[in-house]
Amino acid sequence: MIIPVRCFTCGKVVGSAYPEYVKRVGMGEEPAKVLDDMGFDRYCCRRMIISHADLIGEIAPLG
Amino acid sequence: MDIEILEMAERKGSFILKDSTPAMANALRRTMLSDIPKMAIDKVEFHLGPIMVDGKEYESVTPLFDEIIAHRLGMVPVPTDYELFSPQSECVCEGEGCPNCTIMYSLNKIGPCTVLSGDMIPLGNSDLKVKDEDIPIVELTDGQAVLIYATAVIGRSRDHVKWQAAFGVGYKYLPKVGIDPDAADDPELLEVIDVCPRKVFEDKDGRLTVVNANACSLCRACERISRGAVTVEGDDRNFLFTYDTDGSLTARQVLDVAAGIIAEEAGGLAEQIEAL
Ligand SMILES: [Zn+2]
Ligand SMILES: [Zn+2]
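Sequences listed follow chains R and X, in order.
Residue numbers for the first sequence follow the numbering used here, beginning at 642 and rising by one.
Residue numbers for the second sequence follow the numbering used here, beginning at 1129 and rising by one.
The set of hints was computed from the structure by calculation and includes no laboratory data.
Every value quoted in this text rests on a predicted model; they were computed, and no experiment measured them.
Just so you know, not all the hints are guaranteed correct.
What the hints assert, rightly or not - Pair by pair, the computed Cβ-Cβ distance ranges are:
#1 X:Ala1403 with R:Ala694: 53 to 61 Å
#2 R:Tyr684 with X:Met1180: 47 to 55 Å
#3 X:Asn1253 with R:Tyr684: 36 to 44 Å
#4 X:Glu1138 with R:Ala694: 29 to 37 Å
#5 X:Val1323 with R:Tyr684: 17 to 25 Å
#6 R:Glu661 with X:Arg1355: 47 to 55 Å
Claimed, not checked - In silico contact screen, one side only, chain R against chain X (beta carbon under 10 Å); selected entries:
#7 Met642
#8 Val655
#9 Ala658
#10 Tyr659
#11 Asp682
#12 Arg683
#13 Gly698
#14 Leu703
Claimed, not checked - Below, computed lysine-lysine pairings styled on BS3-like, alpha-carbon distance capped at 27 Å:
#15 X:Lys1300 with X:Lys1327
#16 X:Lys1140 with X:Lys1300
#17 X:Lys1146 with X:Lys1300
#18 X:Lys1171 with X:Lys1257
#19 X:Lys1257 with X:Lys1140
#20 X:Lys1146 with X:Lys1304
#21 R:Lys674 with X:Lys1140
#22 X:Lys1332 with X:Lys1304
#23 R:Lys664 with X:Lys1257
#24 X:Lys1327 with X:Lys1140
#25 X:Lys1257 with R:Lys674
#26 R:Lys664 with X:Lys1140
For every residue, glycine included, the Cβ atom is placed at its ideal position computed from N, Cα and C.
Between the sequences and the hints, there should be enough to build the whole structure, so can you do that?
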């Protein structure tokens, strides 16, 4: 749907990192390196970002 | 009991709690997780009905339920200044809400756009802008709009996680990695370097050397293949802590406040025992 504000498990803010992650991976960077670089070293926060399906844009017009 | 600080960045800290006990280490961990007072948005008012901007009418409709937006706003880290604000229960207003205990934010956006946490404007002091400005709150399409007033108050994370200042708080027994000096230059022992998943060892002029004992996870993979030449032990009197903060408080503040809270509560216990 929309990226959660925080990691479900530990509570680190992940919302603000998602747009940057998508942009950098889209430009050809390796996902693992981007996550390391952005300071996500716990796997709970990493899964929040890599497993997210951003569907809000498809729901929005139906609001 | 002593604390040796290894790293103290704005949002990340690690330290060694020295000469202590497992009970004390866990008390410190739990205090840091659940007792640090912090500001977070607690009340959100939505404008319902049409919103007029520049002669165009927008609907107060969003793809997410109001409750979800309110929850998302609550999770946004809000700067916390103990000098400026006090908990509502101890405030001069007696819990009604006043500038000494609450921060008001307004959020006014028209679609199409992504509403970001940075769009929340503090009423009054502009230093109180939220710490992380790029958190998406909701997405709006053409004709949709939001007009929201949100109020932040001080709370503690034992009541709700939105008031949690420190997270990923963890500790381990301080690793003690020893190498038998007589066996250290045995070429077969150098296999240990590749077996260790945390890269604790290095080859220095043919001798096996410990370079990063703190990284050790006490997995003992090195012990198992070294036939007694390498020993790994966890020290149950010294603890290696690591933690993060969300930016509403600095790592340093979290540690100071936690130490203060433990001292205060332990002091209370001594008094109560005295009274018996
Ligand atoms: Zn996490
Ligand atoms: Zn007040």
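Here is how each hint holds up against the structure:
Judged by the Cβ atoms, the range 53 to 61 Å given for Ala1403 (chain X) and Ala694 (chain R) holds: they are separated by roughly 59 Å. Separated by about 48 Å at the C-beta atoms, Tyr684 (chain R) and Met1180 (chain X) satisfy the suggested range of 47 to 55 Å. Taken as a hint, the range 36 to 44 Å holds for the pair Asn1253 (chain X) and Tyr684 (chain R), whose Cβ atoms sit roughly 39 Å apart. Distance hint check for Glu1138 (chain X) and Ala694 (chain R): the Cβ-Cβ separation is about 32 Å, which falls inside the suggested range of 29 to 37 Å.
For the hinted restraint 17 to 25 Å between Val1323 (chain X) and Tyr684 (chain R), the CB-CB distance of approximately 22 Å keeps it satisfied. As the Cβ distance of Glu661 (chain R) to Arg1355 (chain X) is approximately 49 Å, the hint placing it in 47 to 55 Å holds. Given hint, Met642 (chain R) at the interface with chain X, holds; its Cβ is 8 Å from that chain's nearest Cβ, closer than 10 Å. Restraint check, Val655 (chain R) versus chain X: the minimum CB separation of about 9 Å is within 10 Å; hint holds.
With a cut of 10 Å, the hint placing Ala658 (chain R) at the interface with chain X holds, because the nearest CB-to-CB distance is about 8 Å. Given hint, Tyr659 (chain R) at the interface with chain X, holds; its Cβ is 7 Å from that chain's nearest Cβ, closer than 10 Å. The interface hint given for Asp682 (chain R) holds, since its Cβ lies 9 Å from the closest Cβ of chain X, which is under the 10 Å cut-off. The criterion of a C-beta within 10 Å of any C-beta in chain X is met by Arg683 (chain R), whose closest approach is roughly 6 Å, and the hint holds.
Checking Gly698 (chain R) against chain X: minimum C-beta separation of about 6 Å stays under 10 Å; hint holds. Taking 10 Å as the C-beta cut-off, the interface hint given for Leu703 (chain R) holds, the closest approach to chain X being about 7 Å. Only pairs whose Cα atoms come within 27 Å are accepted, and Lys1300 (chain X) paired with Lys1327 (chain X) is accepted, the gap being roughly 17 Å. Distance restraint check for Lys1140 (chain X) and Lys1300 (chain X): the Cα-Cα separation of roughly 17 Å lies within the 27 Å cut-off, and the hinted pair is therefore satisfied.
Proposed proximity of Lys1146 (chain X) and Lys1300 (chain X) is supported: the alpha carbons are some 12 Å apart, at most 27 Å. Note on Lys1171 (chain X) and Lys1257 (chain X): the hinted pairing holds, with a Cα-Cα distance of about 17 Å set against a maximum of 27 Å. As the CA atoms of Lys1257 (chain X) and Lys1140 (chain X) are separated by approximately 21 Å, the hinted pair is consistent with the 27 Å bound. Proximity of Lys1146 (chain X) to Lys1304 (chain X) is assessed by CA-CA distance (about 14 Å); at most 27 Å being required, the pair is judged to hold.
Pair hint Lys674 (chain R) plus Lys1140 (chain X) holds up; C-alpha atoms about 20 Å apart against a cutoff of 27 Å. Using a Cα cut-off of 27 Å, the hinted pair Lys1332 (chain X) and Lys1304 (chain X) holds, with the two alpha carbons roughly 19 Å apart. Only pairs whose Cα atoms come within 27 Å are accepted, and Lys664 (chain R) paired with Lys1257 (chain X) is accepted, the gap being roughly 26 Å. With a C-alpha separation of about 22 Å, the suggested pairing of Lys1327 (chain X) with Lys1140 (chain X) holds against the 27 Å cut-off.
Of the pairs offered as hints, the one joining Lys1257 (chain X) and Lys674 (chain R) is violated, with about 31 Å between alpha carbons and a cut-off of 27 Å exceeded. Between Lys664 (chain R) and Lys1140 (chain X), the direct Cα distance comes to roughly 25 Å. Compliance with the 27 Å bound is thereby established for this hinted pair.
In terms of the numbered hints stated before, the structure departs from hint 25 and from no other.
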